[in-house]
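Chains Y and A, in that order, are what the protein sequence lines are. Residues in the first sequence are numbered consecutively from 1, following UniProt numbering. Residues in the second sequence are numbered consecutively from 1, following UniProt numbering.
No wet-lab data here; the hints were simulated from the structure. In this text, all values refer to a predicted model and were calculated from it rather than measured experimentally. A hint or two may mislead.
20 angstroms max Cα-Cα, derived SDA-like pairs, lysine to any residue [as the list claims (entries may be wrong)]:
no., chain 1, residue 1, chain 2, residue 2
1, A, K151, A, G94
2, A, K44, Y, K127
3, A, K127, Y, K127
4, Y, K127, A, D105
Covered stretches of chain Y, going by a simulated chain A footprint (3 or more residues, C-beta under 8 angstroms) [to be verified]:
no., stretch
5, 6-20
6, 104-114
7, 121-135
8, 188-199
Ideal Cβ positions, reconstructed from N, Cα and C, are used throughout, including at glycine.
Chain by chain, the residues:
There are 2 protein chains.
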Amino acid sequence: MTTDPCTPAERSRAASRRAQILQAASDCFHDHGFHGASISLISKAAGMSAGHIYHYFENKEAIIAAIVERDLDRLLTLSAEMRAASDVLEALIGRAAEGVIDNLDPRTAGLKVEIVAEASRNPAVAKIVRAADRCCMSSLSETLRILRANKGHSTDDATLQGMTEVLASMFEGLLLRAIRNPDLDRDRVVAIFQRVIRQLVTDPN
Amino acid sequence: MTTDPCTPAERSRAASRRAQILQAASDCFHDHGFHGASISLISKAAGMSAGHIYHYFENKEAIIAAIVERDLDRLLTLSAEMRAASDVLEALIGRAAEGVIDNLDPRTAGLKVEIVAEASRNPAVAKIVRAADRCCMSSLSETLRILRANKGHSTDDATLQGMTEVLASMFEGLLLRAIRNPDLDRDRVVAIFQRVIRQLVTDPN
């Protein structure tokens, strides 16, 4: 029996299968590391055959690429929503609270840290991670450009890129803090992040 | 032939052997991940037998513990030097530049990120990492207490711990940035870090 891959029902079925594989793979990468998470292990966790997994993803790097792309899509949507807000600064400060709490979730953190650890020794994963990072940084930098232009502050590229890098360091650092100090005071960290971000992005120079 | 392990020559020889193993293990953990780096691989990289490695370290977790302890010792020394400075704030700002550059070194970053990734799924490694983190945070918090007391700012524990957490997030985030964006503008990141840290730690509240 063959199915037409272009019908809406078949496309929705494929999307749901892909999501099911990504969830199983995310759990396996978190629990066993990239190398310990074999396609056989991922297929067991997803409740489907290894052949089925290969139908959707060529290899583990392709699964990582899809996980990274999913995270990038979320970030680009968030960034676009902040740019569309009537007060971009207040939108950024408000959404920062969610960003802190999301990054402090230990499972999210463990998976993201594992992907970066793999990128540091696997050129294929490094390429995926760096391409996504360039999109992410460029979008956040554009959001800061609009925020600062509205306030009459300087918007040269080097300033915006530097601020974007420091914002990224702050938020990504939380991924490591979630694992190193799971008992940290979340509310206090949110409050200090909001104060620091306000000062950082409204610096006139 | 037996040797007396307490003679100065034998102690110095043991210390040098341990350092040699830690360097080889650091390279193997970075290049192959914690699971890929077998004791056999580490022994080849160190140029000694596996039996020799086991003479100094019971298992890979014990090697990780020694690497983490070495990093902790450096941090505690740095923190004590800052506390002893005539102007603790200026010492912190000055040393922040070195801290940024150190954390942006891709090999340092890769190894540290790998250890945290392993901690997120291996309770023995998590215990090592968290115990070291508590010492590190407590020392940095004490440094901030002295800095702020000198300026007449509030020094309650919750404030100090929150500021210490945010400082830690900023610096640890650089480990991930070093891998995600190896071409970032180091000088600009140093300058912005110094400005942000000054504002963060001198907030009167």
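Which of the numbered hints above does this structure break? 2, 3, 5
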